[in-house]
Amino acid sequence: MYQYDRYDQQMVDARVAEFRDQVRRRLDGKLTEDQFKPLRLMNGLYLQLHAYMLRVAVPYGTLNSTQMHMLGTIADKYDRGYGHFTTRQNIQYNWIKLEDAPDILAELSTVEMHAIQTSGNCIRNISADHFAGAAADEVADPRPYAELMRQWSSFHPEFSYLPRKFKIAVIASETDRAAMRLHDIGIRIHKNDAGELGAAFYVGGGMGRTPMISHLVREWVPLDRLITYAEACLRVYNRYGRRDNKYKARIKILLHEIGAEDYAAQVDAEYQQLLDQGVEPPFAELQRIRTFFADPPFVEGLSDGVDQSDPAFAAWVQQNTHLHRVHGYTSATISLKPVGGIPGDATAAQIHLMADLAKEFSFDECRVTHAQNIVLPHVEQRRLYELWQRLDTAGLATANLDNIGDIIACPGLDYCSLANARAIPLAQKISQRFSDNGKDAVIGELKLKISGCINACGHHHAGHIGVLGVDRKGRENYQLLLGGSEGADTSLGKITGPGFDEDGVVDAIEKTTEVYLAQRQDGERFLDTYRRIGMEPFKEALYG
Amino acid sequence: MKILTGSDLKSGAVVWWDGSSWSLHVEDACDVGEDAASIAAREEAERRVVVPYAIEATTDAQGRVRPAHIKDRIRALGPTVRADLTLRPADPEAGTWVI
Ligand code: HEM
Ligand code: SF4
Chain A
683 MYQYDRYDQQ
693 MVDARVAEFR
703 DQVRRRLDGK
713 LTEDQFKPLR
723 LMNGLYLQLH
733 AYMLRVAVPY
743 GTLNSTQMHM
753 LGTIADKYDR
763 GYGHFTTRQN
773 IQYNWIKLED
783 APDILAELST
793 VEMHAIQTSG
803 NCIRNISADH
813 FAGAAADEVA
823 DPRPYAELMR
833 QWSSFHPEFS
843 YLPRKFKIAV
853 IASETDRAAM
863 RLHDIGIRIH
873 KNDAGELGAA
883 FYVGGGMGRT
893 PMISHLVREW
903 VPLDRLITYA
913 EACLRVYNRY
923 GRRDNKYKAR
933 IKILLHEIGA
943 EDYAAQVDAE
953 YQQLLDQGVE
963 PPFAELQRIR
973 TFFADPPFVE
983 GLSDGVDQSD
993 PAFAAWVQQN
1003 THLHRVHGYT
1013 SATISLKPVG
1023 GIPGDATAAQ
1033 IHLMADLAKE
1043 FSFDECRVTH
1053 AQNIVLPHVE
1063 QRRLYELWQR
1073 LDTAGLATAN
1083 LDNIGDIIAC
1093 PGLDYCSLAN
1103 ARAIPLAQKI
1113 SQRFSDNGKD
1123 AVIGELKLKI
1133 SGCINACGHH
1143 HAGHIGVLGV
1153 DRKGRENYQL
1163 LLGGSEGADT
1173 SLGKITGPGF
1183 DEDGVVDAIE
1193 KTTEVYLAQR
1203 QDGERFLDTY
1213 RRIGMEPFKE
1223 ALYG
Chain B
859 MKILTGSDLK
869 SGAVVWWDGS
879 SWSLHVEDAC
889 DVGEDAASIA
899 AREEAERRVV
909 VPYAIEATTD
919 AQGRVRPAHI
929 KDRIRALGPT
939 VRADLTLRPA
949 DPEAGTWVI
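Residue numbers (our numbering), protein chains in the order written: chain A, 683 to 1226; chain B, 859 to 957.
This is chain A alone, in the form it adopts within the complex (with noise of 0.2 angstroms):
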């Protein structure tokens, strides 16, 4: 993993500091809350719906056990015993004094962590496949280069106010698990027939209100061109897009605009430009970085292969595990999401304690999914019973990665000041109806996401099927989509039709599943069916 050298811990430590200076300068009324408020907001506190909250950044989702533990204390010592990982692979707490805020800034300084680029229009925190460095299926390891855009992209004066906030994601696998096209930036790693490494660039994606697919901008730049590319991108966008009007604002309208083509001449001609004036980092700060994230000692000669005659555990290899690069290990997915449970909340002892198996199990290491999950990258398969026992014991062993019950959801009118409807008591509804009757092993995958509001938190667009909450005449009501994905096949989801409220929606996805079951053929996911037989079925269903 990445360590902070003197000028990281430096800038993180000056920026506590400043916070510091800058809350007591609230408390004792030098400063009003129009001039405190983007203060705040670029160390990731929000006011929300029941007191402060505060968005900590997790660099491309990787954590230490050390740092896992430091998210845990907090939550223990500074909120109320919770926090809640999200699908931008960060973590919120919920219930945050602002006089406790340069505390726990300060606390989390202390394992190279910080609130910084969780808010504002700056590039934000970057994210990252969470299977990095272990599946099988990538050409590298996406996060050096994900670590080398951060350290290029923090207090970037250039790129600090840009006229929207700014998201990238890095892969480097053929399949996408990082919703990659749906960022403003989605940086693919891969290799051509020579066998060298070179980055295809993907722009203007995004959800939101107006949910867009990124277009593949230029498919090969040479990776000691990364940030001059990454670079040219920004300048373009930063020159042209519209800062008059904050829903035209991101990326994803420029390209709209004015082309995808033109977009790509006018960031060629600006690369050209940038490669004469140097901006590149040098190679060796890459090699650097490489360093870090180095293969951990991994146990050479493992066979591959779990004895699964316990079929509850056999259930959750074959749900929770993915394909490792080293034979005799995997990567196993705890589940944050047990029956009729909150997506994404995790109590301050499950924080521990998976801090405690990231370290007795995976080398020290664990990654927060994109899903809302949390992940321990390196497990041998033969002590993989054993860490499930530890799981199961805790209730953390919920056999549905990927299903109908793996449901993303944000924090909603729950906790959320601009949501229009709750999200999570949908999310516990599904998730228990479709468990009480076993049909969740019955559909198999089946994504489902679900947004409070337009926004898109929940990545709703991109559910297979997806749900977004809307305020009809003050009351709550939910839009059903289906259709969407963010792999690498990404669509976005099509609205059935009206919608309905809490329990008509809880009902309407059951009959959208027994279409499903009833339609597919061989194999097929419900995604599949959808795609082959259409909405008309599905309408049929609903409101025939």
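Treat the hints as calculated values from the structure; they're not laboratory data. Beta carbons: idealized from backbone N, C-alpha and C, even for Gly. Some hints could be false.
Derived CB-CB ranges, DEER-like [what the hints assert, rightly or not]:
(1) B:HIS883 - A:ALA1076: 33 to 41 angstroms
(2) B:MET859 - A:LYS928: 32 to 40 angstroms
(3) B:ALA919 - A:THR857: 52 to 60 angstroms
(4) A:LYS1155 - B:GLY921: 25 to 33 angstroms
Position chain B with the ligands against the provided structure of chain A, taking the given hints into account.
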């Protein structure tokens, strides 16, 4: 009736104007009539509250103040999915009026 709400500057806790100070309990909220803006301005300047705003409210059969909009009812109670974190965690009836 019109009531005034906001968040406590230091703790961020949801608070309601009771006529002389800020209460954690919506039941204490008083009708501010036309005075919302002036109370809000004064209290904000004194740093006792942050982001104050006036909302419509009614009273129920027992005379308890209830905000008109669901968002403020949830603010008054706490998250509907965590009864243990509301102001009256032991009272199973505490949230029945919210939704
Ligand atoms: C509760 C406090 C939150 C606030 C105030 C908030 C606010 C917003 C807003 C305003 C947008 C729309 C941006 C735009 O379209 O330009 C947005 C998008 C988004 N947020 Fe949040 N959000 C919150 C919580 C979360 C949480 C908990 C998650 C993760 C579960 C999250 C993840 C995202 C994602 C993935 C997007 C979509 C980005 C895109 O448009 O491409 N947010 N958020
Ligand atoms: S989608 Fe809307 S309701 Fe949900 S967290 Fe984002 S802003 Fe809040």
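Q. Is it true that ALA919 (chain B) and THR857 (chain A) lie within 52 to 60 angstroms of each other by Cβ?
A. 58 angstroms, holds
Q.
Can you tell me whether the CB distance of HIS883 (chain B) to ALA1076 (chain A) sits inside 33 to 41 angstroms?
A. 36 angstroms, holds
Q: Hint says 32 to 40 angstroms; check whether the CB-CB distance for MET859 (chain B) and LYS928 (chain A) agrees.
A: 34 angstroms, holds
**Q.** Outcome for the supplied range 25 to 33 angstroms, where the beta carbon pair is LYS1155 (chain A) and GLY921 (chain B)
**A.** 27 angstroms, holds
Checked against the numbered hints above, the structure violates none of them.
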